[in-house]
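There are 2 protein chains.
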Amino acid sequence: MRERVERVEERMQQMVGSLSNEAVGDLFASLPHGKRLRAKMVLKIAGYLESSIKLAAVIELIHAASLLHDDVIDEAQTRRGEISLNASEGNRQAIMMGDILYSKGFEELTSFDRSIAAKIAHAVTLLSIGEMMDVRLSGSFNPDIESYLQMIYQKTAALIEATAAAAAMLAGKDEKIYGLYGKNLGIAFQIVDDILDVTQSSEKLGKPAMHDFEEGKTTLPYIYLYESLNEGDRDKLISMHGKKLDDAQKNWIRGLMETTESVQKAYLYARELGEEAIALMRGEEEEALAQIVEDMIEREF
Amino acid sequence: MRERVERVEERMQQMVGSLSNEAVGDLFASLPHGKRLRAKMVLKIAGYLESSIKLAAVIELIHAASLLHDDVIDEAQTRRGEISLNASEGNRQAIMMGDILYSKGFEELTSFDRSIAAKIAHAVTLLSIGEMMDVRLSGSFNPDIESYLQMIYQKTAALIEATAAAAAMLAGKDEKIYGLYGKNLGIAFQIVDDILDVTQSSEKLGKPAMHDFEEGKTTLPYIYLYESLNEGDRDKLISMHGKKLDDAQKNWIRGLMETTESVQKAYLYARELGEEAIALMRGEEEEALAQIVEDMIEREF
Chain A
75 MRERVERVEE
85 RMQQMVGSLS
95 NEAVGDLFAS
105 LPHGKRLRAK
115 MVLKIAGYLE
125 SSIKLAAVIE
135 LIHAASLLHD
145 DVIDEAQTRR
155 GEISLNASEG
165 NRQAIMMGDI
175 LYSKGFEELT
185 SFDRSIAAKI
195 AHAVTLLSIG
205 EMMDVRLSGS
215 FNPDIESYLQ
225 MIYQKTAALI
235 EATAAAAAML
245 AGKDEKIYGL
255 YGKNLGIAFQ
265 IVDDILDVTQ
275 SSEKLGKPAM
285 HDFEEGKTTL
295 PYIYLYESLN
305 EGDRDKLISM
315 HGKKLDDAQK
325 NWIRGLMETT
335 ESVQKAYLYA
345 RELGEEAIAL
355 MRGEEEEALA
365 QIVEDMIERE
375 F
Chain D
75 MRERVERVEE
85 RMQQMVGSLS
95 NEAVGDLFAS
105 LPHGKRLRAK
115 MVLKIAGYLE
125 SSIKLAAVIE
135 LIHAASLLHD
145 DVIDEAQTRR
155 GEISLNASEG
165 NRQAIMMGDI
175 LYSKGFEELT
185 SFDRSIAAKI
195 AHAVTLLSIG
205 EMMDVRLSGS
215 FNPDIESYLQ
225 MIYQKTAALI
235 EATAAAAAML
245 AGKDEKIYGL
255 YGKNLGIAFQ
265 IVDDILDVTQ
275 SSEKLGKPAM
285 HDFEEGKTTL
295 PYIYLYESLN
305 EGDRDKLISM
315 HGKKLDDAQK
325 NWIRGLMETT
335 ESVQKAYLYA
345 RELGEEAIAL
355 MRGEEEEALA
365 QIVEDMIERE
375 F
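The listed protein sequences derive, respectively, from chains A and D. With this note's numbering applied, the first sequence closes on residue 375, and no number is skipped along the way. With this note's numbering applied, the second sequence closes on residue 375, and no number is skipped along the way.
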């Protein structure tokens, strides 16, 4: 698989190289590669063909663009354990580079069947709206699980859903089944990500631990925690929202999350979605795709 | 024509409305409409049909998105005489809103023929690269006319060129002729814009006068001025680059631009491109499209 993902990297390089702009090429080369989850998914669903390599490259360009803008919006200092582009080169460079990768991605997307292009493009619209929803929800403590789930669907899962569906269309497979697989995987993925922010050390995360809540994000473990608390503790939790936490506060939150089993409940929610996704893929005899879900759910736990 | 452009506005509203997000709808409603040059061009080339109204709306959405990001990147305080979205709502809102309008525009674009979608998408890639080139060129005084022209082609003219070409494709007209018309018009348009920054008052511009040079932009009148100066005055001009100018400095620059006829030379350059565009349209018996060029070149002179 690593060799195949290498071909996707090359294809991305080629797309960016065709822009014939040295500054853009240098900035692109400085970006961390990440897990390339979406590329692997395309290749596993649609096979190792020129068209699937191209689709994978396009989606990864678009994903990279969205991360660049996310990091500007969240004022992130790190990305995958390295200094983020907005932090090292400034917001302007990160915004412009994001715009370039988005537009190049869309340009390449127009070479695919209209139904495939429309599917991916629609997901990017949802992703952009999800980002805005994330920021709006971060303005105050959000105890509402439905708006949290809708937001992470839009922000994270919609593009994974569209990736799986588009790859299925490319391969003549059932786009509904694969789309649902991608959707469940995407939501579970984000919940696990949100859990890791609570349970992991800063070193393992490659970014400050418990930073989501400091940034104003009320993720699923916090929503479950809130539901389990008495009024006094609820007020105390809300009073910590969106502020820098000291070690005592972090320990208080983590301790209560343990006794109320909030992390565990959030994990079970993700696990259930994951099981559904696994069952869908086992039904299609897609063991490798089922394994992606397993690996994702089990990561760092 | 006003009534027809109204239909484009309605179509844009409808596209944004389909996102079913109140915050996005409110922000969109707060944006100034501008001249809708691109929409008018589409309707004049491709006629007043459902498909041309849709194409015009898509292109105006994309154009609006690019302006939102431009204003963040340039730290602009005003846009068309009103406070800019980045200034009133903050950079984050402007970035996210730009991303939403871009992605919705691309999504709608996928309903057109692949050749049309690819043409517009490619222009947006050029536009994004042009923005980065603009920022890079602004880092120091740029006496090179070729890089200035390439940058304004990418940043401004490429989308106007693609607009005209795509509208021609929609109408079964010659995309090469109409594309060249749009390209010439676009470059001339930007040069005139750059000239107006020097010659107009802040009140008329709806933004501070001579701000381009303060921002580091060496536009065509400045390049011609530089070419006409002796070494001492060149050094003096360069020393003022990218800094806030006082009235004495502004008068010094304007006075020399007068005696060296730098504004006039820049205007002649734009005029020549405009004449070419007019001739192309007269050859196609497109008087209304020729008139757009006339109006644009003569504006505020």
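Among the hints, a few may not be true.
[Claimed, not checked] Distance windows between CB atoms, simulated:
| # | chain 1 | residue 1 | chain 2 | residue 2 | range |
| --- | --- | --- | --- | --- | --- |
| 1 | A | Ile219 | D | Ala103 | 48 to 58 Å |
| 2 | D | Gln274 | A | Ser94 | 58 to 68 Å |
| 3 | A | Ser94 | D | Glu358 | 27 to 37 Å |
| 4 | A | Gln151 | D | Arg308 | 55 to 65 Å |
| 5 | A | Arg154 | D | Glu372 | 33 to 43 Å |
| 6 | A | Ala362 | D | Gln88 | 56 to 66 Å |
| 7 | A | Glu83 | D | Ala322 | 17 to 27 Å |
| 8 | D | Glu358 | A | Glu220 | 30 to 40 Å |
| 9 | A | Lys318 | D | Glu335 | 36 to 46 Å |
| 10 | D | Leu123 | A | Glu372 | 48 to 58 Å |
| 11 | A | Glu220 | D | Gly91 | 40 to 50 Å |
| 12 | D | Glu156 | A | Lys317 | 54 to 64 Å |
| 13 | A | Glu124 | D | Ser276 | 31 to 41 Å |
Everything labelled a hint here was simulated from the structure, so no lab data went into it. From the three backbone atoms N, C-alpha and C, an ideal C-beta is built for every residue, glycine too.
Status of each hint after checking the structure:
1. At roughly 31 Å, the beta carbons of Ile219/A and Ala103/D sit outside the given window of 48 to 58 Å.
2. At about 36 Å, the CB distance of Gln274/D to Ser94/A disagrees with the hint of 58 to 68 Å.
3. Taking the beta carbon of each, Ser94/A and Glu358/D are about 33 Å apart, inside 27 to 37 Å as hinted.
4. The supplied range of 55 to 65 Å is broken by Gln151/A and Arg308/D, whose beta-carbon atoms lie about 42 Å from each other.
5. A C-beta distance of roughly 54 Å is found between Arg154/A and Glu372/D, which places it outside the suggested range of 33 to 43 Å.
6. Between Ala362/A and Gln88/D the Cβ separation comes to about 43 Å, which falls outside the hinted range of 56 to 66 Å.
7. With their beta carbons about 56 Å apart, Glu83/A and Ala322/D fall outside the hinted range of 17 to 27 Å.
8. Between Glu358/D and Glu220/A the C-beta distance comes to about 56 Å, which lies outside the given range of 30 to 40 Å.
9. One distance hint, 36 to 46 Å for the beta-carbon pair Lys318/A and Glu335/D, is violated here, with the actual separation near 60 Å.
10. Between Leu123/D and Glu372/A, the C-beta spacing of about 56 Å keeps the proposed range 48 to 58 Å intact.
11. A C-beta distance of roughly 22 Å is found between Glu220/A and Gly91/D, which places it outside the suggested range of 40 to 50 Å.
12. Restraint check, Glu156/D to Lys317/A: a C-beta distance of roughly 35 Å breaks the suggested window 54 to 64 Å.
13. At roughly 55 Å, the beta-carbon separation of Glu124/A and Ser276/D lies outside the given 31 to 41 Å, and the hint is violated.
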